[in-house]
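Heads up: the protein sequence lines correspond to chains A and B, in order.
Residue numbering for the first sequence is 1 to 281, as defined by the working numbering.
Residue numbering for the second sequence is 1001 to 1191, as defined by the working numbering.
In short, the hints are calculated from the structure, not lab data.
Note that beta-carbon positions come from the ideal geometry of N, C-alpha and C, so glycine has one too.
Some hints here could point you the wrong way.
Computed from the model, here is a short list of chain A residues facing chain B with C-beta under 7 Å [what the hints assert, rightly or not]:
#1 G86
#2 L159
#3 C184
The calculated lysine-lysine pairs, modelled on DSSO-like cross-linking and capped at a C-alpha distance of 27 Å, are [unchecked claim]:
#4 A/K108 with B/K1187
#5 B/K1187 with A/K174
#6 A/K45 with B/K1158
#7 A/K45 with B/K1039
#8 B/K1138 with B/K1050
#9 A/K226 with B/K1134
#10 B/K1017 with A/K45
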Amino acid sequence: MRELNVKEITEAVARLCQEANYSLPEDVMAALQQALASEQSPIGKQTLEQLIENARMAKAEQLAICQDCGATVVYLEVGQDVHIAGGGLYDAVNEGVRLGYEAGYLRKSMVKQPFSSRVNTKDNTPAIIHTDIVPGDKVKITIVPKGGGSENMSRLFMLTPSKGRQGIIDSVIKAVEEAGSNPCPPIIVGVGIGGTAEKAMELAKKSLLRKVGDHNSDPEVADLEKELFIRINALGIGPQGYGGTVTALGVNIDTFPAHIASMPLAVNLQCHAARHKEAVL
Amino acid sequence: METINIKAPLNETTVEKLRAGDQVLITGVIYTARDAAHKRMVEALDKGEKLPLDLKNQVIYYMGPSPAKPGHAIGSAGPTTSGRMDVYAPRLMAEGLKGMIGKGDRQSPVKDAMKKYKAVYFAAIGGAGALISKTITKADVIAYDDLGAEAIRRLEVKDFPATVINDIYGGDLYQEGKAKYRVSPEKLGLK
């Protein structure tokens, strides 16, 4: 059994929080460039140019791409042959968030009590941590700073099986149309179909980690992704909602088997600042 | 695209000439306030207390910045979603507020209040916080310091870029822009 000290995890999380907030993944930058080439609206084009310039400046000057440095969503894939030593794994992750957000001049956006006093925890903890146990002796850490504006536009539809494919289409379109300009389009649309209520949302959120433009390996799901992409971009919302032909950079769908009575559908929207950063220890 | 240079605080003449879709560069002084500061201001008004600033002709920017790096006036400084301030905005317009900067749709009571009190709603580009920060030359917390990023700040801005979304005549860029580029599923050959 391989031993991994929690200090290494804390250091990695602190570093990843900063890198994720300063620098967009290459596939997202490429998608923004492609959007600029295809956008028909003049104000939409100008908006995309500014988004690209903003991302370049943030990376060059090591500044936060967006002042909303997110709730820190952390995906851990822990190899079953790793022994985490020296302290609690989740304590180590939260300590990394605390150090990274302070050292990186990142905004702390978490409040302790969600429905009344809402006092800021002042260090962006606690992180939202998802853990998978996987084969092997490595630990993979993925940091996703998720902004509140796009997260607020998430939708869960507990559809019945008779609604079928058209029901999925109608509901996703409804979610995107109602979100309008709020989630900072152009957006990436994360969709989870199947499982239970919480499983569907987990699928939707995690699908956002897929590279923009890559499709689900199941041809039927990929086909649905392509159709939704066309339909969403025909809504006319455009960059920042000013009107235009690019509302979405991509549509990512993941599915899971479902109960005979259920067809859960979750939609999790990601703003154009689709930040995430990974490391394997 | 053509831009219009405007000064903040605003005045009635400026507000009257702005139309949905206009792109403006704002120079002067604006104030930040978002969810928590709005709640506190409206609670103060309910109790008959004075606000920490005179809102007459002022512009409020819905924004909570990231911390400033050494040598910078402010950290990243893009807009937050305005809709959350809808329950408070008409009250502040009644106090003289002339401009709001944020992103995202406003509800009818806010748009009605904009017509009634002659106030304009601008959008700044959401997620362009690093770029926008370059147009803010000075930032000082003037009230509600305990709210951290949500405190009220006085900002000095030079050529701050914004787009008029809702004017005082009922114009709405979000609706007009969407209608212009919308293609029906039937035209795409889809159900």
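Inset, instruction - Compare the structure with the hints numbered earlier in the document and write down the numbers of the violated ones, lowest to highest. - result: 1, 2, 4, 7 and 9
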